[in-house]
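One letter stands for each residue in the lines below.
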Amino acid sequence: MSSTGQPPPEPFRVSQLLYDTRYRSYTIQIFALAVIMLAFAWAIDNAVRNLEALGKDIDFGFIFETSAYDINQHLLDYDSTSTHGRAALVGIINTILVAIMGCITATVIGVLAGVLRLSRNWVVARLMTVYIETVRNIPVLIWILFTVAIVNEVLPGVRSFRGEDAMSGLFFDSVFITNRGFYIPAPVFEAGSAAVVAVLLLSVAAAWYFGRWARARQAATGQILPVFWVRLAILAIPVLLAFFAMGSPVSLEVPALKGFNFKGGIYMRDSLIGLWLALSVYTGAFIAEIVRAGILAISKGQTEAAYALGIRPGRTMSLVVLPQALRVIVPPLISQFLNLTKNSSLAIAVGYMDATGTLGGITLNQTGREMECILLLMAFYLAASLTISAGMNAYNRSVRLKER
Amino acid sequence: MAGEKPVAFVAERQIPPSPPPVRTGGALGWARDNLFSGVFNTVATLLSLAFVAYILAMVVPWLFLDSVWNASSLQGCREVDDGACLAVINERFLQFVFGFYPEELRWRPILAFVLLFVAIWPALFSSAPRKLLIFSALYPLLAYWLIWGGSLWGPVGAVVGIAIGWACIRFLPSLVRGRLDEGLAFLAAVGAGILATALWWLFGVIAFEEALDGVVAIGLEPVESARLGGFLLSTIIGVSGIAGSLPIGIVLALGRQSNLILIKAVCVGFIEFIRGVPLITLLFVAWLLLSYFLPPGTEFDLILRVVIMVTAFASAYMAEVIRGGLAGLPTGQYEAADSLGLDYWKSMRLIILPQALKISIPGIVNTFIGLFKDTTLVIIIGLLDPVGLLQPIRADQNWNGIVWELYGFIALFFFIFCFAMSRYSMYLERNLDVGHR
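Chains as they are written, first to last, in numbering that gives the first Met the number 0: chain A, 0 to 403; chain B, 0 to 436.
Same shape as in the complex, but just chain A (with noise of 0.2 angstroms):
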């Protein structure tokens, strides 16, 4: 090679650093590294010498001390003797509660808004749109105090369900909606419901593998299986058979009224009322706007390719139409359920302890602990927060157009 006259390699100048491309990538990253580092150490530096001052040091003990505070709404045994961990842990339990429950509803409203929007019903279409865009323009916050409000001052107060004409509970008296929340119906298992629960599990598993099974048989050989009437009864008479032969082992305690209040049963606040009806509301009205999306999103050739192989409009959407929309509509769906979880944290504003209550709450004032409790505070976040992209990332993947 030495032949062809190649120019001898030149000497190395510093200037090559910035403005020759193959080393100028390097100069900028260990520039920014520096840099970075820097102002990490100084803000650290800082910190050190600021919690020094104070007399103050980084220490988590203070979760194994007992917290003496209360939390009105727990699912877990918690009272003021417990530690400050088990007063974190139920206000993550209350963070789930509240999150799972608003996206089970956020995602019918979302739906129904969404589909009704597209309606060729101009007045439906039209009331939908005014749902829409008035909750997408108002800060969340002020639907949360709004609704609260509503629960306690227009729903009636539990003194209306007692005396000569008092009002009766819905649901053969069963369910109570007053302004201190709902009473709801709490199951009650004895000695042998585990039985009933096991043949329920036992059942589900039946029905879903029958309908795996239904499926296959009708891809092999073309006959189709009435699915939904056997799989109801896979369902249903084993788990009513063992409820009946264990002796009615799983029964339901009613709320009754006793004193100045009701007793019994599951009581739901109406800081949690108020905060679900709102986050519901409120991030319905997004996933409205990506149902919306996601169904305009297919284009109407497909409809007209389907009509034209003679498949029912039902079954068009649910066999043409929603698996392609669903690969448009899910990852945002996602990222509204990780609002709504974000945003659950409001619940320090109408006194719901969830995570920010307890830890970033009354945990952070009676220990004084800032920078700990901040930290575990925004540790559960992220890690909620990544456990879930995590689930769509994957999700994506499966449903990817497989392009070759």
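Do not take every clue at face value.
To be verified - Stretch by stretch, here's where chain A covers chain B in the computed footprint (C-beta under 8 angstroms, at least three residues): (1) 44-53; (2) 115-124; (3) 279-292; (4) 360-373; (5) 407-421.
To be verified - Derived contacts from chain A toward chain B, CB cut-off under 10 angstroms, selection only: (6) A31; (7) L32; (8) I35; (9) A52; (10) D56; (11) I92; (12) R125; (13) L126; (14) N136; (15) I137; (16) P138; (17) V139; (18) I141; (19) S192.
Keep in mind that the hints were calculated from the coordinates and are not lab data.
All C-beta atoms in this analysis are idealised placements derived from N, C-alpha and C, irrespective of residue type, glycine included.
With chain A's structure known, arrange chain B on it following the hints.
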């Protein structure tokens, strides 16, 4: 053929078209087609109409017919009529707008608000004189000075710091020309400029301010942050967040697309972290933690800290929106820029970003709207934005028990601003669409 007798069965003139059947044309036909085309549709229409009528029957008399505008307390309202007690809004309107800002100084935020439109004029309309951009660049400091007051020399000192940095970058290389390699000189000048600005801001500004105050004291009466509130506060946080988050978001988006692994990792880490936590935890950081990370003894205004965290929050979302725009451009655009021999910044500035920003306008405006709505969260750390002013008003003996009027008023304010923004984005989208499809 002329003069021939017309044949009896040939029409001599065109018969006018007959009107369509009554049941398919006109309002009735439209209603039949769109509202009552089936059992389900009919039921849906009737239910919706009943719902609308119910709401109107409830709201219209309450809000318009029976409302009371002039009274000094809720009891006073109730004595006049049983509708909405809008007297509370009438009485507290200025408080909703300015918070507890001193009454005789309220011309200052108003002036700042008016100047805001002058400052954003060149950004929104390309027909505006370009010289105004200098004013836009200086506007943040001017607005800060107008709203918070204090000595004029503080903001001037900050500008001087930027001028010092710029002078270093501009003139240092020519001082050492010939003695030092050109590239290295430039690098050194940039470093020296940044360092000089930082040093000036950290140590020089205060001395500069005090020295000039001794010579000529020009200043406005200072106003404490605690007195700022109401829509003024929402606007301050919202506008500075919007103005800050767009450039930072662009940089973060470019960083996330970058080939430089380290830069990319830092940007991804920042974006994912911010997007993974609720804004409220970041506000807690601004409230309780941020001062830990600053040098001991630094007094840092709470509103300023909140603005910093809100800007960081919005930047991460903005970065994701702009990344979508960058990814939406065909690769051919990048390759075309490369083949023209443009370097990275030129290709981004002249070819990629104008197109990417254009296709991400809806997302950008949505982020703005979200940011503006999120300013209400500051009540949780004790700032008195409009929602925060509700509590003192409802605790007032005169207005105790008032609920819907206040919520409705604040909601209406936010609705008007956010709805206008979303309509403007639609207009912009249509206007900028060059119609390649």
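Outcome of the hint check:
1. With a cut-off of 8 angstroms between beta carbons, the region 44-53 of chain B has 5 residues touching chain A; three or more are needed, and the interface restraint holds.
2. Given as covered by chain A, the region 115-124 of chain B fails the check, having 0 residues with a CB less than 8 angstroms from a CB of that chain where 3 are the minimum.
3. Remark: the region 279-292 of chain B is confirmed as covered by chain A, as 9 of its residues place a Cβ nearer than 8 angstroms to a Cβ of that chain, reaching the required three.
4. Interface restraint, the region 360-373 of chain B with chain A: holds (3 residues with C-beta to C-beta distance below 8 angstroms; minimum three).
5. With 7 residues carrying a beta carbon less than 8 angstroms from a beta carbon of chain A, the region 407-421 of chain B meets the three-residue requirement, and the given coverage holds.
6. Contact between A31(A) and chain B, as hinted, is supported at the beta carbon level, the nearest pair being about 6 angstroms apart and thus within 10 angstroms.
7. Checking L32(A) against chain B by beta carbon gives a least distance of about 6 angstroms; that is within 10 angstroms, so the hint holds.
8. Because the beta carbon of I35(A) sits about 6 angstroms from the nearest beta carbon in chain B, less than 10 angstroms, this interface hint is met.
9. With a least beta-carbon distance of about 6 angstroms to chain B, the hint placing A52(A) at the interface is held under the 10 angstroms criterion.
10. Interface restraint check for D56(A): the shortest CB-CB distance to chain B comes to about 13 angstroms, outside 10 angstroms, so the restraint is violated.
11. Hint status for I92(A) relative to chain B: violated, with the closest Cβ pair at about 17 angstroms, above 10 angstroms.
12. Checking R125(A) against chain B by beta carbon gives a least distance of about 8 angstroms; that is within 10 angstroms, so the hint holds.
13. The interface hint given for L126(A) holds, since its Cβ lies 5 angstroms from the closest Cβ of chain B, which is under the 10 angstroms cut-off.
14. For N136(A), the shortest C-beta to C-beta distance to chain B is roughly 4 angstroms, which falls under 10 angstroms, so the interface hint holds.
15. For I137(A), the suggested interface contact is upheld, since its CB lies about 5 angstroms from the closest CB of chain B, less than 10 angstroms.
16. About 4 angstroms separates the beta-carbon of P138(A) from the nearest beta-carbon of chain B, less than 10 angstroms, and the hint is met.
17. At a threshold of 10 angstroms, the smallest CB-CB gap from V139(A) to chain B is about 7 angstroms, leaving the interface hint in force.
18. Taken as an interface hint, I141(A) checks out: its beta carbon lies about 5 angstroms from the nearest beta carbon of chain B, inside 10 angstroms.
19. Checking S192(A) against chain B: minimum C-beta separation of about 39 angstroms lies over 10 angstroms; hint violated.
Checked against the numbered hints listed earlier, the structure breaks hints 2, 10, 11 and 19; every other hint is satisfied.
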